[in-house]
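Engineer: Chain residues, written in single-letter form:
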Amino acid sequence: MNEATNNSIVIENMNKWYDDFQVLKDINLTIKQGERIVICGPSGSGKSTLIRCLNHLEIYQEGKITVNDVHVFNGMKNPEAIRVEVGMVFQSFNLFPHLTVLDNCILPQLRVLGLDKVKARETAMTFLERVKIPDQADKYPAQLSGGQQQRVAIARALCMKPQIMLFDEPTSALDPEMVNEVLDTMLELAESGMTMVCVTHEMGFAAKAADRVIFMDAGQIIEDSTPTEFFENPKHERAKEFLGQIL
Amino acid sequence: MFDFRFYEIWRSEEFVQVLFEGAFNSFWLTTVGGIFGFILGTGLALLQDKSVFVGLRLLARSYVEIIRNTPFVVQMFFVAFGLPILLDMQWSFFASALLAIMLNFSAYFSEIIRSGIDSTPKGQIEAAYSLGFKKYDLVKDIILPQALEKVYPSLVSQFVFLFLTTGLISEIGIEDITWAGRFISDRNFRDFEVYLVLSAIYMSMSWMFILILNGCRRKLFPWRAEK
Chain V
11 MNEATNNSIV
21 IENMNKWYDD
31 FQVLKDINLT
41 IKQGERIVIC
51 GPSGSGKSTL
61 IRCLNHLEIY
71 QEGKITVNDV
81 HVFNGMKNPE
91 AIRVEVGMVF
101 QSFNLFPHLT
111 VLDNCILPQL
121 RVLGLDKVKA
131 RETAMTFLER
141 VKIPDQADKY
151 PAQLSGGQQQ
161 RVAIARALCM
171 KPQIMLFDEP
181 TSALDPEMVN
191 EVLDTMLELA
201 ESGMTMVCVT
211 HEMGFAAKAA
221 DRVIFMDAGQ
231 IIEDSTPTEF
241 FENPKHERAK
251 EFLGQIL
Chain E
119 MFDFRFYEIW
129 RSEEFVQVLF
139 EGAFNSFWLT
149 TVGGIFGFIL
159 GTGLALLQDK
169 SVFVGLRLLA
179 RSYVEIIRNT
189 PFVVQMFFVA
199 FGLPILLDMQ
209 WSFFASALLA
219 IMLNFSAYFS
229 EIIRSGIDST
239 PKGQIEAAYS
249 LGFKKYDLVK
259 DIILPQALEK
269 VYPSLVSQFV
279 FLFLTTGLIS
289 EIGIEDITWA
299 GRFISDRNFR
309 DFEVYLVLSA
319 IYMSMSWMFI
329 LILNGCRRKL
339 FPWRAEK
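Chain order of the listed sequences is V and E. Numbering (the numbering used here) for the first sequence: 11 to 257. Numbering (the numbering used here) for the second sequence: 119 to 345.
Because the hints were derived from the structure by calculation, they are not lab data. Backbone N, C-alpha and C fix where the C-beta goes; we use that ideal spot for every residue, glycine too. One thing to keep in mind: the hints can contain errors.
To be verified - According to the in silico footprint, chain E covers these stretches of chain V (three or more CB under 8 angstroms from chain E):
| id | region |
| --- | --- |
| 1 | 87-99 |
| 2 | 103-115 |
| 3 | 165-175 |
The task is simple: from the sequences and hints, build the whole structure.
Structural biologist: So, in C-alpha cells, the structure goes:
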C-alpha cells in the first residue's frame, strides 16, 4: 500500500475565516486509516468547525483538505461523493422526526446508495442490532431517550458503510446516565478498526480509545500527542489549565 | 313582533332543492379548487424558497404578491371575462370559478407552506447532507413533509376562511349557496330567515371541513400522533 492510500485525511496549511474573524489558523493534520483521534479544547476553539470542513458542511478559504484521496474544496461539484464515505454524528442527534427509527436508517440508503428496500432494511437491522436497539425499530425518534436517539444516529451513519466517522460532541446533549451507552457504542466501533475523529470532552473515552489527542485553542492545534502523554505531561500552559478544569 | 316564517323556505320543493344543489356546488368547487390550489401553492412555495433560478423565484413571488393584494372578485372576473378575450377561447363559468378559486387559494397556501419550509431546523439539513443527500431528495423527503406537518393547522383554518369567500362565485352565475339564498329571497321576500338559514349552512359546512381535515391529520402525519 502506498502512502497516499494509507492516509484517510490530510489537512495542509488550512485557514478559515468567518468574515474578518479567523476561526482556523494554519491547520496541519494527517490522519491515517484506522486511526482514532480525539479533538478537545475550550469552546470557540474551532474543533467543530474543523471537522465540519472535512465533509464539506463548511467551506474553508486557504490550504488543502484531502479525504480518502479526494480533494475537498469550496465549489466542488459533488460533495456527496465525499459525504457517503464520511459518516457524521451530531451533538443534537438530528434524526428525521417524521420517519421511524428503521426508516431513518433505510431512506439514506435508498436515496444515496440506490439500494433496494429489502437490502436496505437488512443492513439497517444489522446496525440497529449492533447499537442494541432493534426492538425500537418501529418507533419514532421522539419516543426514544436521548441516548437511544444518538445510538440510532450512529447506526444510521454506519448503514452508509462509511470509511471514516466524525463525531461532533456526541454526548454533550445527553443526561449523565445516558452518556455511557453512547460511549460504549463508540468504543465498540473503535475496536472494529474504523477511522474515527471525535470532538469530545469525554477524557475517559480519549484515554481508552484514542491513538492521538489533539488539543485546540483559538483556532490552532497546539498539542498533538498520545493520550498518556497528553494527560500526564501536557506541554502547553493552556492545555494544563484546560485539563485542570475538566478532570 | 317579528314573525319567523321559516316554512316559507321549506314548503317549496324548489327552494329546498336549490339550497341542496348550492351546498353541493360550493362543496365540490371548494374541495377540488382547494386540492389543486394546495398543489400549486406547494410548487410556488418551493420555487420561491428553493429554486436556483432567480427568474423563477421572482415570477413565483410576483404571482403571490399580485393574488394576495387584489380582491378575489376582480381575479374571478378577470378569469371569467378577461382571459377568454386575451386567449380567444371560451370556457364555462364553472371552469372560471374553479380556476379562480384554485389561483386564489394557491397564493395564500404558498405563503403558509413557505413559513413551514423556512422553519426547518438547520440540523435536519446538515444531517441529510452529511448522509450524502442531494438537494432534490432533501427537499422532497425531509424538508417538505416536516414543513407541511408544522403548518397543517394554519392551512386548515386558511382553507375554511377561503371557503367562506367563495360565495362571490355567485356573481358569475354559479349556483352555489349564496346564489341559492338570493334566488329564494327574491321569490319569498323572507330575507331574514333565508340568510339565517344560509349562515347555518355555511357554518355547518365549515365545521364539516374542519372535522374532516383534522381527522386526516393523524393519517397524514403519523409521527405527530406518537409523540
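Engineer: Against the earlier hints, flag every one the structure doesn't satisfy and list their numbers going up.
Structural biologist: none
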